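Kindly produce the complete structure, drawing on both the sequences and the hints.
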Amino acid sequence: MMKVLTFGIVKEILGDMSAIVLLDNGMTVAMLKTKLEEQYPRLKQLSSFMIAVNGEYANADTVIKQGDEVAIIPPVSGG
Amino acid sequence: MNIDLKISSEALVVQSCIDWAKSAESGGVDVFIGMVRNNTKGRKVLRLEFETYESMALNEMKKIANDSMLKWPVNKILMHHRIGVLVPGDIPVVIVVAAAHRAAAFEACRYAIDTFKQTVPIWKKEVFEDGEQWVAAHP
Numbered sequence: 044m045m046k047v048l049t050f051g052i053v054k055e056i057l058g059d060m061s062a063i064v065l066l067d068n069g070m071t072v073a074m075l076k077t078k079l080e081e082q083y084p085r086l087k088q089l090s091s092f093m094i095a096v097n098g099e100y101a102n103a104d105t106v107i108k109q110g111d112e113v114a115i116i117p118p119v120s121g122g
Numbered sequence: 381m382n383i384d385l386k387i388s389s390e391a392l393v394v395q396s397c398i399d400w401a402k403s404a405e406s407g408g409v410d411v412f413i414g415m416v417r418n419n420t421k422g423r424k425v426l427r428l429e430f431e432t433y434e435s436m437a438l439n440e441m442k443k444i445a446n447d448s449m450l451k452w453p454v455n456k457i458l459m460h461h462r463i464g465v466l467v468p469g470d471i472p473v474v475i476v477v478a479a480a481h482r483a484a485a486f487e488a489c490r491y492a493i494d495t496f497k498q499t500v501p502i503w504k505k506e507v508f509e510d511g512e513q514w515v516a517a518h519p
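Line by line, the protein sequences are chains S and D.
Residues in the first sequence are numbered from 44 upward in steps of one, following the working numbering.
Residues in the second sequence are numbered from 381 upward in steps of one, following the working numbering.
Hints listed in this document are in silico derivations from the structure and should not be mistaken for laboratory results.
One or more hints might be untrue.
Stated by the list, open to error - Okay, derived cross-link-like pairs now, DSBU-like style, lysine-lysine, Cα gap no bigger than 30 Å in a straight line:
id, chain 1, residue 1, chain 2, residue 2
1, D, 497, S, 78
2, D, 497, S, 87
3, D, 443, D, 505
4, D, 497, S, 76
5, S, 76, D, 443
6, D, 443, S, 54
7, S, 46, D, 386
8, D, 451, S, 54
9, S, 46, D, 442
10, S, 87, S, 76
11, S, 54, D, 424
12, S, 76, D, 442
13, S, 87, D, 505
14, D, 424, S, 87
15, S, 108, D, 443
16, D, 451, S, 78
17, D, 442, S, 54
18, S, 108, D, 442
19, S, 46, D, 443
20, D, 505, S, 76
21, S, 46, S, 87
22, S, 78, S, 54
23, D, 505, S, 54
24, D, 451, D, 386
25, S, 108, S, 78
As the list claims (entries may be wrong) - The following residues of chain D were derived to be distant from chain S, with all beta-carbon distances above 10 Å:
id, residue
26, 386
27, 435
28, 450
29, 464
30, 470
31, 486
32, 500
33, 502
34, 507
35, 510
In this text, all values refer to a predicted model and were calculated from it rather than measured experimentally.
The beta-carbon is built from N, C-alpha and C at its ideal position, and this holds for glycine as well.
Printed below as a string of structure tokens:
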């Protein structure tokens with residue numbers, strides 16, 4: 044099990060209690076995104092969303108390891 | 381230090397940002413002040429609610445500051461962003477760039493705010509009289 048950090052609209056889509064996904068061995072960022080979209084179809088309505096691993100934007104083929112800090116990053120809108 | 385980065389729930393003070401950036405070797409100080417507008421496409425904005433993934437945001441801000449210094453001969457760069465609830469007229473962001481000559485200051489400041497808006501994980505929700513929306517979330 045892995046707790047995923049959520050912000051902004053993603054926090055509203057997932058709800059605070061449900062930001063938990065099953066972490067499979069060797070799961071990549073692309074696989075995580077697909078899994079999240081299956082669990083929470085409203086994510087597909089966003090303009091886009093990125094995954095950050097340990098505080099850095101991650102590529103699709105980045106493998107997520109146990110203990111990594113993983114966050115869903117919806118389109119940013121600072122400034 | 382030539383770089384000053386801050387995310388804060390306190391009001392930003394533009395004059396202190398400028399005072400920090402000024403120095404004897406800088407002939408120009410370029411300042412960008414972001415303001416909360418009172419409307420979006422004619423719809424009256426009551427307030428904006430900002431939130432951030434702070435550790436990553438500071439990390440991304442540091443990259444922008446470092447890149448600016450590599451791309452242009454600038455002496456100092458400051459980026460401050462406010463989070464929490466802001467109302468029209470409040471200042472969510474201040475960017476200040478000091479350089480020997482104005483061209484570098486202008487260009488680096490523009491690069492910094494443009495890149496900031498694309499990469500730094502900060503989000504704002506616009507609250508209107510009759511609804512609300514997370515900015516840029518949907519196509």
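Quick rundown of the hints versus the structure:
1. 497/D with 78/S: Satisfied, since the Cα-Cα distance of roughly 28 Å is no more than 30 Å.
2. 497/D with 87/S: holds (22 Å)
3. 443/D with 505/D: Holds, at roughly 25 Å.
4. 497/D with 76/S: holds (23 Å)
5. 76/S with 443/D: Between residue 76/S and residue 443/D the Cα gap is close to 26 Å, so the pair holds against 30 Å.
6. 443/D with 54/S: holds (26 Å)
7. 46/S with 386/D: OK: residue 46/S and residue 386/D at ~27 Å, within 30 Å.
8. 451/D with 54/S: violated (36 Å)
9. 46/S with 442/D: holds (27 Å)
10. 87/S with 76/S: holds (10 Å)
11. 54/S with 424/D: The hint holds at about 25 Å.
12. 76/S with 442/D: Roughly 27 Å separates the two Cα atoms, so the pair holds.
13. 87/S with 505/D: Distance ~19 Å between residue 87/S and residue 505/D Cα, so the pair holds.
14. 424/D with 87/S: holds (29 Å)
15. 108/S with 443/D: holds (25 Å)
16. 451/D with 78/S: Outside the cut-off at roughly 40 Å; violated.
17. 442/D with 54/S: holds (26 Å)
18. 108/S with 442/D: holds (26 Å)
19. 46/S with 443/D: Within the cut-off at roughly 27 Å; holds.
20. 505/D with 76/S: Status holds; Cα separation ~24 Å.
21. 46/S with 87/S: Holds, at roughly 20 Å.
22. 78/S with 54/S: At roughly 17 Å apart (the allowed maximum being 30 Å), residue 54/S and residue 78/S satisfy the hint.
23. 505/D with 54/S: Between residue 505/D and residue 54/S the Cα gap is close to 12 Å, so the pair holds against 30 Å.
24. 451/D with 386/D: Judged against 30 Å, a Cα distance of about 22 Å means the pair holds.
25. 108/S with 78/S: holds (16 Å)
26. 386: holds (13 Å)
27. 435: violated (5 Å)
28. 450: holds (19 Å)
29. 464: About 13 Å separates residue 464/D from the closest Cβ of chain S, which puts it past 10 Å; holds.
30. 470: holds (13 Å)
31. 486: It holds; residue 486/D is separated from chain S by about 18 Å at its closest Cβ, greater than 10 Å.
32. 500: violated (5 Å)
33. 502: violated (3 Å)
34. 507: holds (14 Å)
35. 510: holds (18 Å)
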